[in-house]
Structure formats: structure tokens, C-alpha cells
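S.K.: Sequence:
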Amino acid sequence: MPDLATLRVEEVYRDFPPLLAPLVTTMGMSAEVPLVQSAFGAVQAGSVLSFQQKPPEMREINNIPEAPAQPSLPIQGYRLEPTTCANVLSEEEHVYMKSLQVSFHMAHRIEAAIREQSSCQEWHRLRKMRVTSTRFHEACHVRCHTSAENLAHRILRGTVMTKDMRRGIDMEPVAVTEYCSLKNVNYSPCGFIIHPDAPWLGCSPDGVVFDPSENPPFGLLEIKCPNIKSYVDCPYLKMSDGSLQLRRKHKYYWQVQGQILLTGLECCDFVVCAQEDMLVERIHKNLDVMCTIRDRGDLFFFFLQIPTEVFVCLSHFRYNYCLSVSVATYHWWSIQLH
0 MPDLATLRVE
10 EVYRDFPPLL
20 APLVTTMGMS
30 AEVPLVQSAF
40 GAVQAGSVLS
50 FQQKPPEMRE
60 INNIPEAPAQ
70 PSLPIQGYRL
80 EPTTCANVLS
90 EEEHVYMKSL
100 QVSFHMAHRI
110 EAAIREQSSC
120 QEWHRLRKMR
130 VTSTRFHEAC
140 HVRCHTSAEN
150 LAHRILRGTV
160 MTKDMRRGID
170 MEPVAVTEYC
180 SLKNVNYSPC
190 GFIIHPDAPW
200 LGCSPDGVVF
210 DPSENPPFGL
220 LEIKCPNIKS
230 YVDCPYLKMS
240 DGSLQLRRKH
250 KYYWQVQGQI
260 LLTGLECCDF
270 VVCAQEDMLV
280 ERIHKNLDVM
290 CTIRDRGDLF
300 FFFLQIPTEV
310 FVCLSHFRYN
320 YCLSVSVATY
330 HWWSIQLH
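According to numbering that gives the first Met the number 0, the residues represented by the sequence shown are 0 to 337, in order.
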């Protein structure tokens, strides 16, 4: 039997001066503090190891050595239909649009260069200029002028890192490893995706996977790491056809469909990695949702985000110029959404 004192460290050393007591007694260790991954395995969040010895960056996982190389994204030659959004742009808005344009070659270079994602400043800059897949559901379902304007301003300000988002980033390497072992697939990291035919939209999947049992074998990976014991407690999952599936009206489903739309791949493995178990759902393209994302996403960008972005840019440089969405323009835009 172990010495009981080793199980009651803080209690045993309670009367010791702080400088004489072991360091472990001052760390506030508790079963209530969640674990995060470090270079030495799971440690308590907030501990020295959690931020001084971070886990190694996620690299490729090759369970199938003979697999072909990861394709450049978006798929070369995969085209999108021209936008149906008829909007007359100002001179300033034309300049802004020109700054977004990319060729397939440039898009491939951007994706390959920005595979650090949230740790890369360029990743944040590219996101702020575009409507990204995490916002597709909201952008396609805004119901009033105020909520639409607020969303445009939130996109411009950028994403604020929350506790849940930080946990997801910390747990992602472990989740990827477990997923690849479970499904026996290859994994490659993925950067920021911009399609030349719609450069005002963007996405950053968690990775690209190679599964020889699928045709075509390459697909996307999107991982969520909720702080719950089992995936059965996830509010965004529901029972359908005898199995738990991602709710088709949830923002995560629209995020996945947006990623499929912009990359040209056929499917995405949606992974929920809970504390004690893991759910993997292979989601294939939904043409109805993809068309809605394209139509309403374009409307949101051209009639709300561009005016907001250009107005802020001009204000920043102290130009006496004001761009806003007129009542008539917004009325037309609202009709298109309904």
C-alpha cells in the first residue's frame, strides 16, 4: 500500500512555510481542473508544463505508406459558378476586391504556407478579410439589419479565443492520433483555403485524410473536443437512422459543407472527441446547403461586409468618406434571403 501521506500532500505540509514545502503543495492541483496535453503527456491546465512544454506540432500521420501525396487545395481545375450577386461597387470597393483575388497557384501556396493555423498571424489576417466557414450558418440566417451589421463588425474584429477554443486546440493532436488509429487512415495538416472563383469566402479544415476504402480516397477532417465525458451528451448531435449524427441545422454542419464547397473534395469526417469516447461521422456533400451557402454568403459579403470593411479602412486613414448600406439596398438584400 502507498504511504497515505503521498495522497494528502497539501494536508501533510499545511503547517510548513511556503519556501520549505514541496512545490506541488502550492500548485492547486485538483481533480476538478481539466487536463491538457503537453510534451510529457496529460497535465493539469495552468500548470508550468502546460505552457512551457507544449505538445509537438501536429505532423503527418502515415498509416498507409504507399498512399499518394496530399492534393493541393482547392483541387486544381475545380470551378465554382460565377456569383449571381449583382452589386455596383464603388472605386474603393473595387480596390478591396482586387486585394482578395488569387490564382490557383497562389491559393495553393497560401494553403501550404499557413498550416500553423491559429498560431499564425497571417491566418488571422486572411480570415478577417473574408466570410469563413465558421460564420456560414450565421451569415445565411441573419434576419434583420442590426444582426447582419453586428456580424459584419464581429468578422472584422476577428475571433476572440475562448476557453473552449483553447481546449480544442490543446486536445486536437491527441484527437487526430486516436482518430487515425481508429480508422486506419493517413492525416495531413491543412492551411487556409481560398477558391479563385469566390475569394471572399474561406475555410481552414483541421486536416486532409486519405482513406483507401473511400472513392475518391481523399477527404477533409473537422474535429471538436467538447469538455464532456461522452459524446452522447453533445447538444449538436441527434439520433437519426439508429445512430448519432450531427444536426443538419447546426452551424457545424454548415461549416463542414462550406469546407467541401471550397476545397472540391467529396466528404469530411466530423469527429467528436470527448473525455471517454469518440464519434466519427463521414459527411458527404449536400448540394442544397452548398448552394445556399454560396448564394447567401455572396449576398452577405457584397451588401454588408464590403461596405463595413471599406468604411473602417477609410476611417482608419482619416478619409472623409462614409460607406453604409442604404435602406433600399438592404431591403432588396432581405428579399433575396427570403
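To be clear, the hints were calculated from the coordinates, so they are not data collected in a lab.
Incorrect hints may appear among the rest.
Listed next, the in silico EDC-like pairs over lysine to aspartate or glutamate satisfying Cα-Cα at most 16 angstroms (straight line) [unchecked claim]:
1. 182 x 287
2. 237 x 210
3. 97 x 196
4. 248 x 275
5. 237 x 280
6. 182 x 276
7. 250 x 148
8. 228 x 275
9. 248 x 163
10. 228 x 213
11. 228 x 276
12. 284 x 213
13. 228 x 148
14. 182 x 137
15. 182 x 210
These numbers were taken from a predicted model, which means no experiment stands behind them.
S.K.: Against each hint, give a clear statement of whether it holds in the structure.
M.R.: Quick rundown of the hints versus the structure:
{"no.": "1", "hint": "182 x 287", "verdict": "violated, 29 angstroms"}
{"no.": "2", "hint": "237 x 210", "verdict": "violated, 26 angstroms"}
{"no.": "3", "hint": "97 x 196", "verdict": "holds, 13 angstroms"}
{"no.": "4", "hint": "248 x 275", "verdict": "violated, 26 angstroms"}
{"no.": "5", "hint": "237 x 280", "verdict": "holds, 12 angstroms"}
{"no.": "6", "hint": "182 x 276", "verdict": "holds, 14 angstroms"}
{"no.": "7", "hint": "250 x 148", "verdict": "violated, 19 angstroms"}
{"no.": "8", "hint": "228 x 275", "verdict": "holds, 5 angstroms"}
{"no.": "9", "hint": "248 x 163", "verdict": "violated, 21 angstroms"}
{"no.": "10", "hint": "228 x 213", "verdict": "violated, 30 angstroms"}
{"no.": "11", "hint": "228 x 276", "verdict": "holds, 8 angstroms"}
{"no.": "12", "hint": "284 x 213", "verdict": "holds, 14 angstroms"}
{"no.": "13", "hint": "228 x 148", "verdict": "violated, 38 angstroms"}
{"no.": "14", "hint": "182 x 137", "verdict": "violated, 32 angstroms"}
{"no.": "15", "hint": "182 x 210", "verdict": "holds, 8 angstroms"}
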